[in-house]
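Visitor: Please put together the full structure from these sequences, using the hints given.
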Amino acid sequence: MTVERQPSTWYVVASIVCLFVAAPLTHVIEEEIVGPRLVNGTIVELGRYTFIYDAVEYLDSKSEATVLAVGSSKMREGFDGGLLVKESAARGVIYANLGVAADVPYFRMTNIEAIANLQPDVVVLELGPNSLSALESPLKQQDIDRMNAMLYNRPLNLKRDFELYLDEEDTPLLNLGAKGWANSKSDMGFEAIDDALPFEQAGVEEEARWDCSNPLSNVRCVPSVDSPLFPAYLEHPPQFSNAIEYYKSLGSDALAEFYGAKLDAYLATPYHQPEGTFNKNEHALEFIIDELVDEGVNVLLLGLPYNPVLEERLSPGDWDYYNTTVERFEEDARVHMFDLMWDPAFDDEALFNDFTHMSDEGERRLMQVLAPEIDALLASRGVSMVSGHTYTPIPTHTDQHTIYAAELPATGTVHVNLSNPNEITSGYGLFNGHTWEVDPQSGWVTSTPEADVSQNGVSGSPQIEYCMNSTISTTYWVWLLLYPSGGRSDSVYVGLDGELLDLGRRGVQSWEGAQEPVWRSVGDNGNRIFFYSSGEAACLNIWVREDGVVIRDIVITTDEHLVVEA
Amino acid sequence: MDFTTFGYYTWFLPAVVVAVMVLARHRKAPQMGLILLASYVFFWLASGWHVILLATSTCADWVIAKRIAASDDQKTKKRLLIATLTLNLGLLATFKYLDMLIDTYGLVQLRADFLPHIPRAELLLPVGISFYTFQTMSYSIDVYRGKYPPYASFVDFAAYAAFFPQLVAGPIVRADHFLEQIEEPLTMKERNFRLALTFILYGLVKKVVFADNVALHVDAVFTEGVDLGNTALVWWATLCFGIQIYCDFSAYSDIAIGSALLLGIRLPENFKTPYAARSPQDFWRRWHISLSTWLRDYLYISLGGSRKGQRRLYIALMTTMALGGLWHGASWNFVLWGVVHGLILIGHRLLVARPFVQEAFEHKRLRVPLVVTGWFVTQVLIFLTWLIFRVEDTKMLIEAISGFLFFQGEFDVAAAREVLPEVQHLTTALVVVFILMHGISGKIGRLRDRLSEGSPILWGVFAGISIVAMLYLRPSVSSEFIYFRF
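One line per chain: the protein sequences are A and B, in this order. Start counting at 1 in the first sequence, then tack on 371, and there's your number in my numbering. Start counting at 1 in the second sequence, then tack on 9, and there's your number in my numbering.
Any given hint could be a false lead.
Unchecked claim - Only pairs whose alpha carbons sit at most 20 Å apart, straight line, appear in this in silico SDA-like list of lysine to any residue:
1) A:Lys550 - B:Phe21
2) B:Lys37 - B:Ser162
3) A:Lys550 - B:Asp11
4) A:Lys550 - B:Thr14
5) A:Lys550 - A:Ile515
6) B:Lys156 - B:Arg305
7) A:Lys550 - B:Tyr18
8) B:Lys86 - B:Tyr18
9) B:Lys198 - A:Ile515
10) A:Lys550 - B:Ile476
11) A:Lys550 - B:Asn201
12) B:Lys281 - B:Val381
13) A:Lys550 - B:Met10
14) A:Lys633 - A:Glu616
As the list claims (entries may be wrong) - Over the 10 Å line for every Cβ pair with chain B, so calculated as not near, a few chain A residues:
15) Ser620
16) Gln826
17) Gly875
Everything labelled a hint here was simulated from the structure, so no lab data went into it. The beta carbon of each residue, even a glycine, is placed where N, CA and C say it ideally should be.
Guide: Here you go:
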C-alpha cells in the first residue's frame, strides 16, 4: 500500500468508492423500500401526499395542454379527468387529479411551486369551508407528518418562498433546509426499513402488497410513476366506497344514525368550519394563487358542493364566512370563481357517497357543470376546440321540482297536498334518515319515534320542506293541522327558505288539552305564521321541536282573516 | 452545542481546524490561543454562564500549582493542594451534589420533624464539570507529587483544561500527556487526518444509528416501568441499555478523539470492547479507561491500594468504586452501582485466589470452558448492574432486578413486544449487528486504525454504508449524550 506516498490518490479512491456504495444503496432504499411504503400509506397515512412530485415528473414530460385539479379528498373524489375528456370540447388536453385527503392550503404551499413550474393551462383549485378552517399552532403531529411527507420528495432546487408564510411555531417542526432534508430521509427510512425487514426474512414478494391494478385496491394505493397504470390513476384515482348506500343497506336506524350523530360529529370538527378570520390557511391560499398566477396559470377557484343534508343541517350563519370569501374572490381579477356549494343542480343526496364526497353520479354531474367553465379558460389560451360541441344539459333544481307542493294563488287559499310526499320533497333528500316519516296512504307526516325528546333550536333537528311556486308578490298566511300523537304536548318550528320564523321559543304547539287534531296559525309567542313571497318559489320548512307531532294538513291563504276549521 | 449538533460539523469544527492548521500554521502560541478561544466558545454554546466555573477552576489550579512548585515547604505545598482540592470538590459538591444531600437530609427530616426544612437549591448542573475538575485536580496533584513541573504558559494550561473535544464528556486527559503533544507547533499528519475521519464517522454511527435507536426501547420499558416482571422484556431492555450506554459514551469519546486528532492532538482511548471482558477486573480495564485509571492513580493508590494488606485493599477498592459510582451522578443509585461493582471485584479477587481455580486454569481442557464461563458470568453481572445505573426509582429497580433474575417466572415474548415501540425488526437487527461487530472488534482489535491505514476501497465502503445508515436509520427522536449529565 502506498498510502503515505500518494495520499491524494487514497482520498480520491475512497471518495469514489464511498459514492459508488452510497448512491446505489440510497437508490435501492428509496425505490424499493421507502418509495412504495410512502405511496401506499404504510409510513404516512393516506400516502398520496408524496405522489405529487411523481405527478409533476410525469406531467413535465408531456407537451399537451394540462388541467390540474388541486385540493382535498373532495376534489380527489369529485374530479374525473376521463369524464372531462368526454364532456369537454377541448382536444389534446391532459386532465390530472392531484387532490389529496385532508389537504388544506397551508399544507399545499410546500408543493405548489413545483406545480406552478409546470405552467399548466388551468389549475382547478378547491375552495371550501375546509380551506378557511382554523389550524392549530403549532400544527398537530399528523398535520406535521403530512407536510413533511409532501416535503419528502421535493426537488433540491425548491425556492422555499412558502417559508415566509409558515407559522413561527411550525417552522422548527418541518423538514426544511439541508438538515430538514436529512431528517426527512431518516423519518421515512427508519419506519420503512423496519417494515421491510420481515418481508426480506420471509422472502415474501412485497410488490404484491401494492398492486394497484386490482380495482379493489386500497384507495391509498398509488402506482409507480413508471407503471403503465399511472396515467389512468392520475386522471381518476380509485374512489371511496358509497357510505350512504352502505348505511341504507343496513336499515333506517343505521342511516338515521349516519345522518344524526355521525353528521353532527362530522360538522363539529373544526376542519369543516371556516374560522372566520384571515388565518394561516387563507394566507397560504393567497400565496398559492399568487404563485400560480405569476407563472401565467389560469386559476379556477371551485367551491365544491356538499351533500344537501349536511347543508341543511348547518345552523344559520355557520358558513357565512365561506360565502363572504366567495364574494371576495368573485371580485378578484386573478381568479375565476365558480361556486357550486349551494347550486341546486347538486341538491340531491344521490350525488354523494357520504357527507361531502361525490358519488359516481355526482362526479358525472360535476364534470358536466365544470366542462364549459374549463373550456372557456382553455379556449382563451388558444387550445383547440371541437366545433359544434354540445354540452350535456344540466338538470336544475327547478327542473326537478316542476311538481310543487302547491302553486300559490294570487288571491285565495291553497291546500298543500301532502298525499304525494316524494314528489313534493324529492331532490332534497330531507326525509331519508330523518325522524320525519310519511304515511304513504294519508300523506300525514309523523315525527318518529315518539320518545318525549325535545330541543330548543333547529340545529340538527329533522326537517321537512315544502316548496311552492309563486308568480306574484304578496303575503301568505299559513295554517297547520297538527296532531299530538302521544297525547302530550308536541311542537314544531317553522321557517321559510331555511330561515326560522319568529314564532316564540316553543314554536308551534299541537296540544290544546286533548289528543285531537288542531289547526294552528300562531306560534308560542302569539305571532301569526306568514311569509312574504317576492314572486319566486318559496320553501316552507318545518323542524321537529318535540317528537311525536303529526302534520296532517297545510293551508296557505292570502286571506289574513280566514279561520280554518276542521 | 454537542457532537450531535449539525453545526458542529458544518461550521464549528471545520472553522477551528482551518484556523489552527492553516491560518496559524507552524506557530504554536496562536494555535493554542485559537484552541482556547474555540474551547470557551464551545463551552459557552453548550453551557452558557457556567463558563465562569471553568475559568475559576482553571485560574485557581494554575496559580496554586505554580505556588506548589515554587514552595520548598512540604506543609505549605500540602495546604495549597488541600485548597485546590477543596475548591474543585466544593464546586462539584455545590453544583452537582447539593440537591442530593438536601434530599437525603429531607429523608432524615421526615422522621425527625424538629429539624428545619431545607429547600432544594435546584442549581443547573454545569456541563462537563466532573471532567474538567478531575483534570485540573490531577494536574495540581501531579505537580504536588513532583511528577512534572507546572505548565509554563497559562494559555497552554487553560487550553488543556478547556480543550473542547474532551471538555464535556472526556476522555479525562492528564496534563503531561497533553503537554507532550503541544511542545511543538501542532501539525496535521495525513495519516492522522484519515484516522480522525474514521473515528468521527465511527462515533457518529454508534451514537446516531445504534445508541439512539435502542434508546427508544430502553425508555419504553424503564421510564414508566411497564411489565418489569416479564423476564423477556427486562432482558431485552437491559441488553439494549448496555448497548446504548456503550455506544453513546464511546461514540462521544470517538468523536472527541477524532476532533482532537484533526487539531494534531491524540487523546487516550477510553474503551476497548468492554463486553468482551472475561472478568470484572478485565471490564474495568476496558470501560471508561480514563476514569478508571484516574481513580486508580489518585484515589485507590492514595488509599493504600494493594500495598497494605488484603483488608486495606478491599476497603480501598470499595471506597474507590463507591466514589467512582458517585462521580457519575448525584443519586444513591450510582453509589449503589459502584458498591455492587466493588463487591463483584472483591468477589472475583477472592475467587481467583482460590487454589482450585488456579489449578483449573492450568488444565488445558478446562481453559476454554472456564474462559467462556468467566465471560458469560462477567457480562451477566455487568448487565445486571446496568439496571441499577438506569432505573432510579427504588421500587421499579427491585421489580426490574426481580424480573431480570426470573423471580416472577414470567417469560412472555409476545407481551414484551406489546410494550416496545413499533419499530422492532430494525432494532433487533441493529442489536445483532452490534453484537457481531463488538465480537469481531474484540477479536481483531484496533479496527479503526486498521481501517484508516488500509485500503481506500474498504474505507470507501465503510464510509458509504455509514453515511447511508446515518441518513436512513436515525430515529426522529434523538437522545442527548448520556454522559453529558455527568
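Visitor: Hey, is Gly875 of chain A genuinely clear of chain B, shortest beta carbon separation above 10 Å?
Guide: Gly875 of chain A clear of chain B: closest Cβ-Cβ about 57 Å, beyond 10 Å.
Visitor: Does Tyr18 of chain B sit within 20 Å of Lys550 of chain A, going by the straight-line distance between their CA atoms?
Guide: holds, 12 Å
Visitor: When you check the alpha-carbon spacing of Lys550 of chain A and Met10 of chain B, does it fall within 20 Å?
Guide: holds, 15 Å
Visitor: For the pair supplied as a hint, Lys198 of chain B and Ile515 of chain A, is the alpha-carbon distance within the 20 Å limit?
Guide: violated, 47 Å
Visitor: Mind verifying the non-interface call on Ser620 of chain A? Its CB should be farther than 10 Å from each CB in chain B.
Guide: holds, 36 Å
Visitor: Is the hinted pair Lys156 of chain B and Arg305 of chain B satisfied, with a Cα-Cα distance of at most 20 Å?
Guide: holds, 16 Å
Visitor: Would you mind confirming whether the straight-line C-alpha gap from Lys550 of chain A to Thr14 of chain B stays at or under 20 Å?
Guide: Status holds; Cα separation ~10 Å.
Visitor: Given the hint that Lys550 of chain A pairs with Ile515 of chain A, test it: the Cα-Cα distance must not exceed 20 Å.
Guide: holds, 16 Å
Visitor: Run the C-beta distances from Gln826 of chain A to all of chain B and say if the shortest one exceeds 10 Å.
Guide: holds, 44 Å
Visitor: Holds or violated: are the alpha carbons of Lys633 of chain A and Glu616 of chain A at most 20 Å from each other?
Guide: holds, 15 Å
Visitor: Does Lys86 of chain B pair with Tyr18 of chain B here, judged by a C-alpha cut-off of 20 Å?
Guide: violated, 44 Å
Visitor: Are the Cα atoms of Lys281 of chain B and Val381 of chain B separated by 20 Å or less?
Guide: Holds, at roughly 18 Å.
Against the hints set out earlier in the document, violations occur for numbers 8, 9 and 11.
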